[in-house]
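**Q** Top to bottom, those sequences are chains U and G. Numbered per our numbering, the first sequence spans residues 67 to 345. Numbered per our numbering, the second sequence spans residues 5 to 368.
These are calculated hints, taken from the structure and not from any lab test. Just so you know, nobody snuck in bad clues.
Listed below are the simulated BS3-like cross-link pairs for lysine-lysine, each with C-alpha atoms no more than 30 angstroms apart in a straight line: (1) G:Lys167 <-> U:Lys228; (2) G:Lys167 <-> G:Lys118; (3) U:Lys228 <-> G:Lys88; (4) U:Lys228 <-> G:Lys118.
Not everything, but these chain G residues come out facing chain U in the computed CB check (under 10 angstroms): (5) Leu66; (6) Lys88; (7) Arg89; (8) Val91; (9) Gly92; (10) Met93; (11) Ser99; (12) Leu100; (13) Phe101; (14) Met104; (15) Arg160; (16) Ile164; (17) Pro166; (18) Leu170.
Quick reminder that beta carbons are idealized off the backbone N, C-alpha and C, glycines included.
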Amino acid sequence: MNRSRRLKLQVFRVVVLVVMGLFFLVPIGAMLEFSTRSTTFDAPRTLDSWTTIATYPALVQAIIASLELAAITSFAMIVLLLPTMIWVRLRLPRLNRIVEFLCLLPLTIPAIVLVVGLLPVYSWMANNFTDSILTLAFAYVILVLPYTYRALDAGLSAINVKTLSEAARSLGAGWGTVIFRVIAPNMSGALLNAVLLSVALVLGEFTFANILSYVNLQVQINQLGQANAGVSIAVSVASLLFAFVLLMVLSFVGAARQALRSKPRATDPRLEAIWGQKA
Amino acid sequence: MASTAPATRAGVEVRLENLQRSYAGVSALNGLSLTLAPGELVALLGPSGCGKTTAMRLVAGLEEADGGRVTIGGADVTNLPASKRDVGMVFQAYSLFPHMTAWQNVAFGLQMRKVGVDERRRRALEMLEIVGLTGFADRFAHQLSGGQQQRVALARALAINPKILLLDEPLSALDARVRARLRDEIRRIQMEVGITTLFVTHDQEEALAVADRVGVMNKGRLEQLGPPTEVYSRPATPFVAEFVGLTNRLAGVVKGGEVEVRGSRLPLVKPDTADGPAIALVRPETVSLTADGDSSSGPLVGTVIATSFLGATSRVTVDLGDATVLAQLTTADASSMPPGTRVRLVLRPDAVLIARDEAAAAEA
Numbered sequence: 067m068n069r070s071r072r073l074k075l076q077v078f079r080v081v082v083l084v085v086m087g088l089f090f091l092v093p094i095g096a097m098l099e100f101s102t103r104s105t106t107f108d109a110p111r112t113l114d115s116w117t118t119i120a121t122y123p124a125l126v127q128a129i130i131a132s133l134e135l136a137a138i139t140s141f142a143m144i145v146l147l148l149p150t151m152i153w154v155r156l157r158l159p160r161l162n163r164i165v166e167f168l169c170l171l172p173l174t175i176p177a178i179v180l181v182v183g184l185l186p187v188y189s190w191m192a193n194n195f196t197d198s199i200l201t202l203a204f205a206y207v208i209l210v211l212p213y214t215y216r217a218l219d220a221g222l223s224a225i226n227v228k229t230l231s232e233a234a235r236s237l238g239a240g241w242g243t244v245i246f247r248v249i250a251p252n253m254s255g256a257l258l259n260a261v262l263l264s265v266a267l268v269l270g271e272f273t274f275a276n277i278l279s280y281v282n283l284q285v286q287i288n289q290l291g292q293a294n295a296g297v298s299i300a301v302s303v304a305s306l307l308f309a310f311v312l313l314m315v316l317s318f319v320g321a322a323r324q325a326l327r328s329k330p331r332a333t334d335p336r337l338e339a340i341w342g343q344k345a
Numbered sequence: 005m006a007s008t009a010p011a012t013r014a015g016v017e018v019r020l021e022n023l024q025r026s027y028a029g030v031s032a033l034n035g036l037s038l039t040l041a042p043g044e045l046v047a048l049l050g051p052s053g054c055g056k057t058t059a060m061r062l063v064a065g066l067e068e069a070d071g072g073r074v075t076i077g078g079a080d081v082t083n084l085p086a087s088k089r090d091v092g093m094v095f096q097a098y099s100l101f102p103h104m105t106a107w108q109n110v111a112f113g114l115q116m117r118k119v120g121v122d123e124r125r126r127r128a129l130e131m132l133e134i135v136g137l138t139g140f141a142d143r144f145a146h147q148l149s150g151g152q153q154q155r156v157a158l159a160r161a162l163a164i165n166p167k168i169l170l171l172d173e174p175l176s177a178l179d180a181r182v183r184a185r186l187r188d189e190i191r192r193i194q195m196e197v198g199i200t201t202l203f204v205t206h207d208q209e210e211a212l213a214v215a216d217r218v219g220v221m222n223k224g225r226l227e228q229l230g231p232p233t234e235v236y237s238r239p240a241t242p243f244v245a246e247f248v249g250l251t252n253r254l255a256g257v258v259k260g261g262e263v264e265v266r267g268s269r270l271p272l273v274k275p276d277t278a279d280g281p282a283i284a285l286v287r288p289e290t291v292s293l294t295a296d297g298d299s300s301s302g303p304l305v306g307t308v309i310a311t312s313f314l315g316a317t318s319r320v321t322v323d324l325g326d327a328t329v330l331a332q333l334t335t336a337d338a339s340s341m342p343p344g345t346r347v348r349l350v351l352r353p354d355a356v357l358i359a360r361d362e363a364a365a366a367e368a
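Throw the hints in and build the complete structure from the sequences for me.
**A** Set out below in structure tokens:
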């Protein structure tokens, strides 16, 4: 009885895994298939669409711009949100609800409405300061707030922020040290999640850039799709794979940190090699 | 101050002057004044919400006082931030930085003081040796037991050579055996280092065992401050008598500097108490029992209804008909009087007591 139940559970797990796997992999597989098609029906498969990516300078430029935007947005989000959340938790707990509401607000406002609101600001900025695509980072920080707030909130709830910060302060640490050298390293998982979410959102963003007349990766893919569908699909697959690899790397980093802490004596040379430090 | 203080104390005087603090209109500290002599260990004892932790946090600079001032070694630190006060603190909750090893935790305060890494490590290892954790330097907090974590926290607090050590119920999360051992060890280290120490606890046994002086707090005020023996045997108020140690409440009448309780005349802690009806607070250890075979009656004759085994001693509950009395006896004596035995109570005339009428006691 017990054995048959276990077997059923096992089968159920495998079925769920296969169905979910197919759900995600079939479209990507189809994209890969499409991006390697030749122009004629009988010709063998070709990597032309992939190899020609580099020959589109506008595309390369868009990729670089999107990566820069992802980095700037992630950095700005952490520098802005983490100290604010810690400060509110420790010093102004009454404001916690208000901050949460403000951070989640962009989720309830359609992107198109947000961008219409931002349009005058951006035209003013373009006329008076700069029209660099990197200014999109301001809007993207707002865009990623709801997701990153949730990730950081979970991380902060998992540690005793109050005691850790008070211990650090009584030992002579200023607020900057408390936030970035005591609290942040103990919520590295949440920070990595927040960064991953920001990067994924920024790399996949289309509406803001398109309406504000900037050419980021998605806008470029869209434009390219009209001229050369193969290349546009190849770039889409590449950006998906990039997010996937990023996720794997971040998971690996999290696991390695965990392993480092789990060792009774953290003098394992392999881990030292990874972290370049002596415990 | 108790005579246990070593002659080589290097600590500084710490003064709390008329400290006030309230939360949303509710007063937590109501003009607390307290002076800690150099190298002295003062325990603040009291129930939850009595203001003892608030007092400690004001000394640490983790909260701001509404009024009053704090001086450490003569310097007014009332308006200094926590990071500039030179205060070592051990918290109730485990407070080690989880991403650092034991020695890195201990060295953190030194790092903040820009001490070089070699010197930091040397001093951290030295401190870990003092708290008996040699060989644990490379462990992370989750690889240490609760008691070991608190030892590291103590080493970390002492490593910066603070002017005052603050211990905020550091033992309350530990099990009984570890608690007693670590308590004695904290006292040993404190005396060895000679640092002025404020120890906050709600555990009277802990306070009486380690402190030079015990301050009993209630409703944001200091009810009594004195050596442990004085607080226990000559409590200043009914609150102190009942909070520190167990107490029987027996009705009696005050007359001429004595109180008559159920036919026995007992001396008063405060002989100038006004005559009249009163409640005598009698310690269980001053009550002795004799088996009363002839089942006679009288104001001090009753029946044993329960016995609690405490190890070397036992606590016996006697029903006197209109009152129940606790008596603390040796376990050998208690075992000869199982529940149901008729017994006669004898109240030792040196009984610790305070006599007040109910209204006054309620007021206090």
